[in-house]
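Enquirer: Residue numbers (our numbering), protein chains in the order written: chain A, 1 to 665; chain B, 1 to 665; chain C, 1 to 665.
Worth flagging that the hints you see were computed from the coordinates, not collected in a lab.
Worth double-checking, as some hints may not be accurate.
Note that identical chains are pooled: a pair holds if it fits in a single copy or bridges any two copies.
To be verified - Straight-line C-alpha distance at most 25 Å; calculated BS3-like pairs for lysine-lysine: (1) Lys45 / Lys176; (2) Lys387 / Lys374; (3) Lys176 / Lys14; (4) Lys307 / Lys643; (5) Lys167 / Lys45; (6) Lys374 / Lys176; (7) Lys562 / Lys374; (8) Lys522 / Lys374; (9) Lys307 / Lys488; (10) Lys67 / Lys307; (11) Lys411 / Lys562.
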Amino acid sequence: MKLGVCYYPEHWPKQRWVEDAQHMQRIGIEYVRIGEFSWSTIEPKSGELHWEWLDECLDVLHAHGLKVILGTPTATPPKWLVDRHPSMLATDEQGRVRGFGSRRHYTFSSLEYREECHRIVTIMAERYGQHPAVVSWQTDNEYGCHDTILSYGETDLTAFRLWLSDKYGTVDALNKAWGNVFWSMDYRSFDEIELPNLTVTEANPSHRLDFQRCCSDQVVAFNKLQVDILRQYSAGRDLVHNYMGFFTAFDHHKVGQDLDVASWDTYPLGFLDQESIYRNEEKQTYLRVGHPDFGAFHHDLYRGCGKGRLWIMEQQPGPVNWAPHNPTPADGAVRLWTWEAFSHGAEMVSYFRWRQAPFGQEQMHAGLLRPDAKEAEAAQEAVQVAKEINMLSAAMEMDKDELMSLPSSGKVALMFDYDACWSLDIQPQSRAYRYLFWCYRIYEAMRELGLSVDIISSHASLDMYELLVLPAQAHISSDLENRLHAYKGILLAGPRTGSKTDSYQIPENLAPGPLSTLLPLKVERVDALPEHTQPAVSGRWGKGNLKHWHEQISTELPCLLKDDSGNPVLMGSERHFYLGSCLDNDLLKTSLAKLAEKAELPTYYLPDGIRVRERGDVIFVFNYGVRSISFEPEGAELVVGNKNITTAGVAIWKKLKDQRKHIKK
Amino acid sequence: MKLGVCYYPEHWPKQRWVEDAQHMQRIGIEYVRIGEFSWSTIEPKSGELHWEWLDECLDVLHAHGLKVILGTPTATPPKWLVDRHPSMLATDEQGRVRGFGSRRHYTFSSLEYREECHRIVTIMAERYGQHPAVVSWQTDNEYGCHDTILSYGETDLTAFRLWLSDKYGTVDALNKAWGNVFWSMDYRSFDEIELPNLTVTEANPSHRLDFQRCCSDQVVAFNKLQVDILRQYSAGRDLVHNYMGFFTAFDHHKVGQDLDVASWDTYPLGFLDQESIYRNEEKQTYLRVGHPDFGAFHHDLYRGCGKGRLWIMEQQPGPVNWAPHNPTPADGAVRLWTWEAFSHGAEMVSYFRWRQAPFGQEQMHAGLLRPDAKEAEAAQEAVQVAKEINMLSAAMEMDKDELMSLPSSGKVALMFDYDACWSLDIQPQSRAYRYLFWCYRIYEAMRELGLSVDIISSHASLDMYELLVLPAQAHISSDLENRLHAYKGILLAGPRTGSKTDSYQIPENLAPGPLSTLLPLKVERVDALPEHTQPAVSGRWGKGNLKHWHEQISTELPCLLKDDSGNPVLMGSERHFYLGSCLDNDLLKTSLAKLAEKAELPTYYLPDGIRVRERGDVIFVFNYGVRSISFEPEGAELVVGNKNITTAGVAIWKKLKDQRKHIKK
Amino acid sequence: MKLGVCYYPEHWPKQRWVEDAQHMQRIGIEYVRIGEFSWSTIEPKSGELHWEWLDECLDVLHAHGLKVILGTPTATPPKWLVDRHPSMLATDEQGRVRGFGSRRHYTFSSLEYREECHRIVTIMAERYGQHPAVVSWQTDNEYGCHDTILSYGETDLTAFRLWLSDKYGTVDALNKAWGNVFWSMDYRSFDEIELPNLTVTEANPSHRLDFQRCCSDQVVAFNKLQVDILRQYSAGRDLVHNYMGFFTAFDHHKVGQDLDVASWDTYPLGFLDQESIYRNEEKQTYLRVGHPDFGAFHHDLYRGCGKGRLWIMEQQPGPVNWAPHNPTPADGAVRLWTWEAFSHGAEMVSYFRWRQAPFGQEQMHAGLLRPDAKEAEAAQEAVQVAKEINMLSAAMEMDKDELMSLPSSGKVALMFDYDACWSLDIQPQSRAYRYLFWCYRIYEAMRELGLSVDIISSHASLDMYELLVLPAQAHISSDLENRLHAYKGILLAGPRTGSKTDSYQIPENLAPGPLSTLLPLKVERVDALPEHTQPAVSGRWGKGNLKHWHEQISTELPCLLKDDSGNPVLMGSERHFYLGSCLDNDLLKTSLAKLAEKAELPTYYLPDGIRVRERGDVIFVFNYGVRSISFEPEGAELVVGNKNITTAGVAIWKKLKDQRKHIKK
Ligand SMILES: [Zn+2]
Ligand SMILES: [Zn+2]
Ligand SMILES: [Zn+2]
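Bound-form chain A, shown alone (with noise of 0.2 Å):
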């Protein structure tokens, strides 16, 4: 467990250099990110390097005992490099050519572009691989940010036939998938083949479940391209990408397995006050400390991403810029989102930024030090977070790299999949019902019920798991049933989970496709509700009311949840259970509840705002509520905090010993 910050040293005079490596050891940050934004300072003119401020640089933090995360510049190219590559631009959905002037100006599938990016990651892989102060390389930045993984431009279609090419051999077979006979759609050769833009009305759901993989796909080869010059250049050092929250554009599972470890940047309040996720009630509640769950999910989520390695490389130190509004974190908030990103098994939290910059886009973002170099309020939190990781340190008798290396997986599932979210939002049939939203409220009760949650693709190993929860795997690969059939666990799919083909077609015998032989059960009809119908459900688990989506359901299973008409809403026995609606949150609840008590997992129910997560024989406890609380875990120890948990609080509890086996599974 450590500390690391994001750093731009070419936007300050290099006589500070030595002064904020010295600030930063007194806070005690450990690693400093750097060089992400600095193609213009490198090489200001085609072919002319200035390599001697980075050298001198990294020099002065090594000369501090920092560790560095170098950035390739690849997010921010030049404007001579632009304006020699002009076909490297992005063009968006309308068929505007996207600018320069901002950053991430260009798209995934140039390959003139790539090009110049294995040029500069080279020369600087080859100078900087060996480097003693280089123990990581981030390759870009944040994938995907201002929505630009579809593009939409010449290059894109050239890369996008040969990728149907590729997949489809010949254009029959792409006919037959796409079923384009529908509305006269079928090409008579690849070449004929348009982007799904602009058409019309929607184009075929197949066509753009096609692009976006494509799309996907281009970041994938991207990110590979520099992992393979780093690899050779730099052999030894962590290779990572920092993500972004609520981004599902790319398979990030599948850059994910290119790299050594996970990363994420982290603002929780930007994202409360952005995302049509949450209700007016929940952004005005956690309106300075952020919703209760919004670090936990992606937390979660990146570290299977990461194969169980999470760093966070961007962590909120007091109120951005760039969401509607821009509010303070309430104090301590900024040490209870560092807490909660260990907890959930970071080995570092890296803060976002060192010095708040006076000029640029971002010059009403906060950093660990004002525009005027005095520490902002979050330079104090850190160093608190700083002693306390001592503190835990010396409870746990571990030093801090152990602490790093502190198991943090759950005994629950929670399986996220890219190209299922790409799916169901192509024809969400009810504006109501997203994916995402639905896995995130999912994830939400378990974590209510104090279950530690593992997020996994639809390719990780199951065995580990008492409880396993698809909330809508539209398409069932063979592997995957395979998979499920040999699963020992309790089985939870959700609604529309098996109603798509790998084609976007629905399964020959309907949903759930693949899965009726598990789940012995039709989806005859489907029910897409708006906001304001939702009706009542009741049987032997609980009562309350469905949402947005509602199956109509043929199966001989017992039934645990029925709507009014009788329709079996949640059903399954012994092992396999199948919910065919969107529940209300406490419906959702206890249902939950229910799955867990036969997967012999405790729960409990947690008070508002308060959430609970351990790691190894450390319990968190953290308090995200409006109100003061007192929570005590059984069976263990205070080493930080107190029982008394004000908001924004954290306590940090050990297991006693003999306690170890029984608290919580």
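Following the hints, put chains B and C with the ligands in place on chain A, whose structure we already have.
Expert: Leaving out everything else, chains B and C with the ligands in the frame of chain A:
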């Protein structure tokens, strides 16, 4: 009264066709529409024509006694054809070409595309014009769907300049008619005139109106081209097109003049959810049955466009896929909608579609069969309707063809004029006011009074009506003026009537322009209100509120309703009445009841959700409400259903012989 | 105090002109504005000039003693001219050319178009510069209307690069000023710089601000070109332009420097309905009179732009056509608005328009006459005002020209700065915060206290004011800094004051930057809030809530208001005060009352909807409220109206001689 279905044999292996035909027969289906999206199957490459499948399919259908409505495939030209004629693509208001990938990818003004249509329709009509299965042809499909009437490309500009030149002769005449002196918009030649999009602020409303008229005329010409070929090769068959709900972008009366029957595509739930005409509480109350007047309004409107002949080409049979939310219909709703159509004069009701396709854009759109070929809920409702038609046939001592010809017109006429609609929507003056919505609410009020209404064009004969309502007839042609003078019944003209000349100018004598001899009054000023301000109205005819539109009128006519300042709101005497404001629904109903009384038309206040419609000596009672209601017309005996009608229920009554003259008119 | 009207002789047969002139005289009109949209009548073809109609019209008007304000016709270049210079068209932010068909179809930066303007204005000025009827020239019409200040075409790019080159000299200076190192946005030459639209995410705010400044300067240059010609050929005539309401896209103070008088176009109902500044309950309450401070705010603002001289060029006389809803004014409202204008220093109020045109875009826009040439309601209100001017003239023993020159400035100044407006709107940080709205609400509060306010530029002299408010003066120039130090009155600076350098950077010493010597405090952090979160505020000066913007401040200054955490919200002592948050309207009013008290300015809490304004020794009382109210200033005698003032009522009082020094200042 017969049933039909829309069928896509090209989507299924031909081995299924016999089974499908047999199944249709079992359900009681007699008509089958096919072909309208099949161009790429007919002609997969330029000039390479494949008729064998269609030959065989027609033979199968014919062998099973099914009558075929054959669609020309011009709504979905294949990709190779589009690539040969790129200028055939439409251009949206923002100047973007609307590409291939869905359907309706052409602009009506493209002469190149018209030639291709001429070619394919000619070959098809030559081949099948005399086929014994073919009883009817449908031209294209849903003209205008996906906002395809107005197009802003080079082709359209050329057509517009030609159209203007034909209309005005000299550009000076155009300058005068449009009032181009207003902002120095005078043109020196027709070639200077541009399309009215992408102007700095709104273009001249006369310019916009003429462009809408021109685009509408392109549709008429496009349709006429196909009609002429079909008349030549397939004389005696009914020519038909399928119109859409709440769609006013071309003049359906003009298109209808060239056809034999009008048909439309009836989706009560999709439109309820989608349209802003409906208030939120209506969307909630009628979620699963549709608004009580949605079907009826369009049946009466399109029967008028069809010169008295009406078919339903596509009847919603379950959830659809294209509305923001897509709930399942109530049990019985499909039967309800079918009978509602018959009660308004439909000869035939055809369900869309036979079998839900597992692929393509509409894969979530229900059919009579599910994707797995099992019957969906609606199939049995169709069976029930087929049986009930036989019951009615027996009770009336008429065969089904005689039932088809039962008279369906009413004694009340509502004038609906596409040109008026365009005129008033171009400058609504209050966003709360829309022509279509106002017409619909008048219709609703009349229907709640149990009146049977004809919706007529401004060219229709008025002789047969006791009561005539002009909701907002913007321009009064001299022909209409003459017919109104000759009209002997009760006349109500609504706000904005006579407020524009044919050139979109204010009449010299102000509104109601030429009608001021019939209605001696002058509209001195207009008060165009936001939704929140609804001034009080009262007078001899009741009290309530006006809304949206409020004219200040000087007149000597007796005032039946006034506003709080004593301004006349509803005025008139003897046979001629004028309403200067939109009224709240209750006061509107009261006022129309008074007028019906003057016209000696019996009315009654129906319970919430109950509707009644007569056709010949048959009385149909429908329940769209949420509660069961007992309802019994006087002097009639029950033929189908019960006196107590549940939600989505239907009861059919036969007038007793001696009552036939006395009931309800 | 005189009346005028806007007249379009080219719309009517010249046979009407004499009758119109006579009718104007009868009403009491003395000024007539003509010509500003008449280019196509003057020059129907290139070089074919038709002056005879204008000669004749000017002679008719002159013969009837009417004074003419002659408009240059450059807001509506004819089609033939646009076709010769297609590059003169503007380009919108989405990159689409904004075509011919309405008005204002040019970009200010087009040198080709400026040449055409030079030509036509020169010919016109030569011809009419010495005409006895012509007393004034209006340049163009409503600069910026329909969002025409910012344009994104090639022409604009060329102008921008030149402007930047002039400003910065070297591109390195620009890189430094903009902080382009931030995201590798450094440029190698001015020719690399693009316009700040269609970037992937927001462009650098310094880039955006300079583009806004450049576009504003194009307007200044465009106007100056005409001014120079008019000064040459028509010396001694008043040069004027007509500005608009709530429009801030160019620097009106700069344009105003080159003119003699400022005028603006006053549409109280259209703006109430259209603008998001107004809350829904305000839109409802003031539906027919407009918001009580709408006219006043702009009168005071534009009087400042006019160096003390103000005309109303277009006064709403009835319903307009361009707002979402267009209600009729209350009886008396036109008179109310006219007198409100006079009370704030207007010399002349001109109604728009003489006669409602029956054609073109504005055919639903009322005039003094209806389309049928009968008087509309407003005509008699104009007659009444003309009579009341005479009553006032008699009572004051001054002729109308003397009334015109009555002093109108107040003792309170509100600084309104276009550059600050742009700066803060480019990065509002909270969507709930907008510079213009905040200025308006401060103005409203001061006016509810009965204060007479001057709205001044940041370059204006401060000497004459007892109280000066800087609502949010983003950048403090050294000149302003010096004048503030020299200022002897009470100063209040609001949130965001001094928060930016001239280059849009955060000052090295943080906000309030250079003002920290005058106001010893530091803004340490900003809490930018959503609408729903309004923290409590209390202290010696009252209690209430803050909203939208909330600064965390360190200071030794006495705190007059604090937030719940004890943070200073309003602070200061003696003469200098700082407010770190936006306050709710009541607390804002209370606080301003305290400051006025310190400035020894008498205030009173006016009843809802009542407003008072003094000009010289005349006291004007207005009632915008929904109820009649009795209101009587002390020490004054009634000249016009009654003590009891109905809705839309006006009372005019004359100060008693011995009271003139004592009342209200
Ligand atoms: Zn290149
Ligand atoms: Zn061609
Ligand atoms: Zn030119």
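Enquirer: Taking each numbered hint in turn, which are not upheld by the structure, reported in ascending numerical order?
Expert: Those not satisfied are hints 4, 11.
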